[in-house]
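> The lines below spell out each chain.
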Amino acid sequence: DTEVTQTPKHLVMGMTNKKSLKCEQHMGHRAMYWYKQKAKKPPELMFVYSYEKLSINESVPSRFSPECPNSSLLNLHLHALQPEDSALYLCASSQGPGGFGYTFGSGTRLTVV
Amino acid sequence: DAKTTQPNSMESNEEEPVHLPCNHSTISGTDYIHWYRQLPSQGPEYVIHGLTSNVNNRMASLEIAEDRKSSTLILHRATLRDAAVYYCILYTGGFKTIFGAGTRLFVKA
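Chains A and B are the protein sequences, given in the same order. Using the numbering used here, you'd call the opening residue of the first sequence number 1 and step up by one each time. Using the numbering used here, you'd call the opening residue of the second sequence number 1 and step up by one each time.
Simulated from the structure, these hints should not be mistaken for lab results. Positions of the beta carbon are idealized from the N, C-alpha and C atoms, including for glycine. Be aware that one or more of the hints could be misleading.
To be verified - Derived lysine-lysine pairs resembling DSBU-like cross-links, with alpha carbons at most 30 Å apart:
id, chain 1, residue 1, chain 2, residue 2
1, A, Lys38, B, Lys108
2, A, Lys40, A, Lys22
3, B, Lys3, A, Lys19
4, A, Lys38, A, Lys18
5, A, Lys40, B, Lys3
6, B, Lys96, A, Lys38
7, A, Lys41, B, Lys108
8, A, Lys41, B, Lys3
9, B, Lys96, A, Lys18
10, B, Lys96, A, Lys19
11, A, Lys38, A, Lys9
12, A, Lys38, A, Lys22
13, B, Lys69, B, Lys3
14, A, Lys53, A, Lys41
15, A, Lys41, A, Lys19
16, A, Lys22, A, Lys9
17, B, Lys69, A, Lys40
18, A, Lys40, A, Lys19
19, A, Lys53, A, Lys38
20, A, Lys53, A, Lys9
21, A, Lys53, B, Lys3
22, B, Lys3, A, Lys38
23, B, Lys96, A, Lys22
24, A, Lys18, A, Lys41
25, A, Lys41, B, Lys96
26, A, Lys53, A, Lys18
27, A, Lys18, B, Lys69
28, B, Lys96, A, Lys53
Unchecked claim - Computed spacing ranges between beta-carbons, pair by pair:
id, chain 1, residue 1, chain 2, residue 2, range
29, A, Glu67, B, Gly94, 17 to 27 Å
30, A, Ser55, B, Thr26, 16 to 26 Å
31, B, Glu15, A, Asn57, 42 to 52 Å
32, B, Asn13, A, Gly14, 21 to 31 Å
33, A, Glu67, B, Ser41, 37 to 47 Å
34, B, Glu15, A, Thr16, 49 to 59 Å
35, A, Lys40, B, Asn57, 42 to 52 Å
36, A, Asn57, B, Glu16, 41 to 51 Å
37, A, Met27, B, Arg77, 29 to 39 Å
38, A, Ser72, B, Arg58, 26 to 36 Å
39, A, Met27, B, Asn56, 23 to 33 Å
Isolated chain A, as found in the complex:
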């Protein structure tokens, strides 16, 4: 299995809702990442987990809450989002630090209404 699987593929949520994005990989990668991508822009790093511990938080607002329950799974919990948070949320994994390549999922297209 050489894939990163993200669910759901599309999500529409209200500003008062709580929802979660899920990411799964079975490649034995020990680093997992969340990126946010707005239309026509490059991906922006949000969080990095290494060996299931939060390694990097790029000053992301607390309405985004990451969780890494085990080495194969990464969640992003969403609460009280704003319309400007609408974007493509990408998950990626790598064997270690990203120097030898990331594997990205296809993303979750999030719309906040």
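Got chain A; can you put chain B on it based on the hints?
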């Protein structure tokens, strides 16, 4: 963070080679040059990487200037499926990989 500069867009004809340039004048001796591409409605995918020597794989070739201040990704025969945004990234170590603006490649039939 180390920076890269790429043209906003390029156009190519199908079945012809494409040379995608990248400038990275602030590169340091241990920085790797990585290329990713992002097809429409997909996440980025790894293409190739190198340090000093030119590199080839099944997807592309990477030519690195002798002073390492620039590099070129070469697609030997562009197909319509190669239409994507191509990102040149300097990997400086650790877990932080920062994407630049990238080059949008259009391929004409």
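> Now look at each hint and say whether the structure bears it out.
Outcome of the hint check:
| no. | hint | result |
| --- | --- | --- |
| 1 | A/Lys38 - B/Lys108 | 26 Å, holds |
| 2 | A/Lys40 - A/Lys22 | 24 Å, holds |
| 3 | B/Lys3 - A/Lys19 | 35 Å, violated |
| 4 | A/Lys38 - A/Lys18 | 21 Å, holds |
| 5 | A/Lys40 - B/Lys3 | 19 Å, holds |
| 6 | B/Lys96 - A/Lys38 | 19 Å, holds |
| 7 | A/Lys41 - B/Lys108 | 23 Å, holds |
| 8 | A/Lys41 - B/Lys3 | 16 Å, holds |
| 9 | B/Lys96 - A/Lys18 | 28 Å, holds |
| 10 | B/Lys96 - A/Lys19 | 27 Å, holds |
| 11 | A/Lys38 - A/Lys9 | 16 Å, holds |
| 12 | A/Lys38 - A/Lys22 | 19 Å, holds |
| 13 | B/Lys69 - B/Lys3 | 11 Å, holds |
| 14 | A/Lys53 - A/Lys41 | 28 Å, holds |
| 15 | A/Lys41 - A/Lys19 | 24 Å, holds |
| 16 | A/Lys22 - A/Lys9 | 10 Å, holds |
| 17 | B/Lys69 - A/Lys40 | 26 Å, holds |
| 18 | A/Lys40 - A/Lys19 | 25 Å, holds |
| 19 | A/Lys53 - A/Lys38 | 27 Å, holds |
| 20 | A/Lys53 - A/Lys9 | 26 Å, holds |
| 21 | A/Lys53 - B/Lys3 | 28 Å, holds |
| 22 | B/Lys3 - A/Lys38 | 20 Å, holds |
| 23 | B/Lys96 - A/Lys22 | 21 Å, holds |
| 24 | A/Lys18 - A/Lys41 | 26 Å, holds |
| 25 | A/Lys41 - B/Lys96 | 18 Å, holds |
| 26 | A/Lys53 - A/Lys18 | 23 Å, holds |
| 27 | A/Lys18 - B/Lys69 | 47 Å, violated |
| 28 | B/Lys96 - A/Lys53 | 15 Å, holds |
| 29 | A/Glu67 - B/Gly94: 17 to 27 Å | 22 Å, holds |
| 30 | A/Ser55 - B/Thr26: 16 to 26 Å | 25 Å, holds |
| 31 | B/Glu15 - A/Asn57: 42 to 52 Å | 46 Å, holds |
| 32 | B/Asn13 - A/Gly14: 21 to 31 Å | 47 Å, violated |
| 33 | A/Glu67 - B/Ser41: 37 to 47 Å | 27 Å, violated |
| 34 | B/Glu15 - A/Thr16: 49 to 59 Å | 53 Å, holds |
| 35 | A/Lys40 - B/Asn57: 42 to 52 Å | 28 Å, violated |
| 36 | A/Asn57 - B/Glu16: 41 to 51 Å | 45 Å, holds |
| 37 | A/Met27 - B/Arg77: 29 to 39 Å | 30 Å, holds |
| 38 | A/Ser72 - B/Arg58: 26 to 36 Å | 28 Å, holds |
| 39 | A/Met27 - B/Asn56: 23 to 33 Å | 24 Å, holds |
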